[in-house]
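2 protein chains.
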Amino acid sequence: MITYNLALIGFGGVNRALAELIRDEPGRFSSLGFELRVVAITDLAFGSLVQREGIDLAAVLAMPRGHSFNDLPGGSADPRNEEVIKNSPADIVVEATFTSPIDGEPAVSHVKWALEAGKHVVTTNKGPVALQGLELGKLASSNGVVFEYEGAVMSGTPVIRLAHKVFAGLELTAVQGILNGTSNYVLGRMEAGLGLDQAIAEAQALGYAEADPTADIGGSDVRLKVAILANELLGTEIHPDDVETTGIQDITGDDVNEAMANGFRWKLIGEARREADGRVIAVVQPVALPAAHPLAGISGATNAVSFTTDLLGTVTVSGPGAGRVETAYALVSDIIAVHEFAKGAVRA
Amino acid sequence: MITYNLALIGFGGVNRALAELIRDEPGRFSSLGFELRVVAITDLAFGSLVQREGIDLAAVLAMPRGHSFNDLPGGSADPRNEEVIKNSPADIVVEATFTSPIDGEPAVSHVKWALEAGKHVVTTNKGPVALQGLELGKLASSNGVVFEYEGAVMSGTPVIRLAHKVFAGLELTAVQGILNGTSNYVLGRMEAGLGLDQAIAEAQALGYAEADPTADIGGSDVRLKVAILANELLGTEIHPDDVETTGIQDITGDDVNEAMANGFRWKLIGEARREADGRVIAVVQPVALPAAHPLAGISGATNAVSFTTDLLGTVTVSGPGAGRVETAYALVSDIIAVHEFAKGAVRA
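Read top to bottom, the protein sequences are chains A and B.
Count along the first sequence from 1, add 982, and you get the number used in our numbering.
Count along the second sequence from 1, add 982, and you get the number used in our numbering.
These aren't lab readings, by the way, just hints derived from the structure by calculation.
There may be inaccurate statements among the hints.
Repeated chains share a single entry, so a pair holds when one copy, or any two copies, can fit it.
To be verified - In the SDA-like style, the derived pairs of lysine to any residue whose C-alpha atoms are separated by at most 25 Å in a straight line are:
(1) Lys1120 x Ala1243
(2) Lys1068 x Gln1033
(3) Lys1068 x Asn1239
(4) Lys1094 x Ala1174
(5) Lys1325 x Glu1153
(6) Lys1147 x Glu1098
(7) Lys1120 x Ser1012
(8) Lys1120 x Leu1014
(9) Lys1147 x Pro1008
(10) Lys1120 x Gly1015
(11) Lys1147 x Glu1017
(12) Lys1068 x Gln1186
(13) Lys1068 x Leu1152
(14) Lys1120 x Arg1256
(15) Lys1068 x Val1307
(16) Lys1120 x Ala1273
(17) Lys1147 x Gly1295
(18) Lys1094 x Ser1012
Could you build all of it, start to finish, from the sequences and the hints given here?
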């Protein structure tokens, strides 16, 4: 049995859900050959905590938000991210801070510090992957560690790992997806008769949409994810700025009704495809899909990706695209990938 | 580069599609570290052919049906399955004969002969898997080889391999699927106004349904697949006879219309689920699904499976459930699994 020491960078919903899983089911991964121990946590609200023998997760999870780690052994009121990432006894750094769509910071720096220190990185943060994924992957490789980020697209629903692990031997020519649950929920509610603004307000009330829903409605959230899928699955090297992006803000009730009357449904589609000349085109835009299209039936806040392949035609996976436990599972699946890498490295 | 020698048992649509792929793209799998050579073919119509240095696939694929292998070196008008399976220089036996839902023969014997001779087996034939999958798996294991059968459910669309490879660390509590394209096509056409018999006739004209559509319409095809999924993914040991089965033969146009008027769609659902007491229940029956159900939007001859998991909720994969090239890809994915096993065995 191997024990992996984790440093949790950011102690919001997702990393808390991971900590709860470890607290509640410490033996959950023993059949896979490993167990998890949290040795460091940093967070803007709590500060930082490093305990080499393992942090008492029940105790820190019970701490009210705003309480500082300052009064605990190994604790500080200051997040000290750089010091903790570089010097804590973690094998795996779990990056789950917030996404900056502009420069990916501070997450890009967190990931770099960890990889340069020879620590594996798993993250649900799409910023560093979309903006510097290729460089960070190379940095991981040159340091003999792995950089895994299944949760950057569709939370724990397998997309990147599915393509790599079960589509071996296929040529993938396109990926097309519903990659933002808020906008899909909003379009569904417009089909039920709500106006765009009403539907957005409802999504906010339900907790799907942010206070500022611009990234969801305007397509920039999907743009980051399309860039990740294009680079990861179609082997190109594009920047999110290269993805022509149109959101759903100009879709009207009349548009929705007219489509429905003809058996079509408006969806916000992110797509990357390889053209005949080898170039990869990536675009985000609202598309009216015919009912038989595999993405037409994806309802509510569910996400989905259709993969176009040479031998198998179109295969679609759908599932949750958000949720704290669902996203924490993405981290679990990344940690399992670290474990497989580590086993292979030992055996080789 | 490793070369795997294949024996193709049955030279109908699926194994011909595999042979065409090897003929047309001999280097397709070199990036994965192997290449494929067909050293034996047996078929009721052609007889048998064994050529240790590799069969000229272009030549045999050009032979008209009814022509015998008799006049070729190493050829015979007689299929000689047992002799070829036991004695040919194949590393991997590719079983793609017809499915007997009663005793799985002759495929069960083919698989046993191969495994006992220390040859890996890949198959698209659901009979032996549904009826004797556990025994055959043990036989493979005790002979140091693998028995792979992704194509037994949903042709090449990953289901078994998806669950094993990308759901690691999740607890799977249920699988629920649309596992027969003919019946799903028929139900869709009934929604468009056709009667059951008309819709079946149309499916036959399009080549979806067999001359005798009983297995598709009556649910016994799905029953075999549900037994496979229950045993493989929920760790039980059931026989297809244990799966309570109702087909769509009694669904009327009125049933379909009434459901549609209320936003529901009739689907033939195969399901296996673990009850609170640990027992696994498996059933095949028509179910009227609400529009938001992940299987409600699966149209035409497409197949789909929804997996219910503890951390990730419901994840659904949809894709082709038939087709000669699509099913041949299932064999390719199985051969890749053989290769991974062989690499691991060499390294260990």
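| query | In ascending order, which of the hints set out earlier in this document are inconsistent with the structure? | reply | 1, 3, 4, 6, 12, 13, 15, 16 and 18
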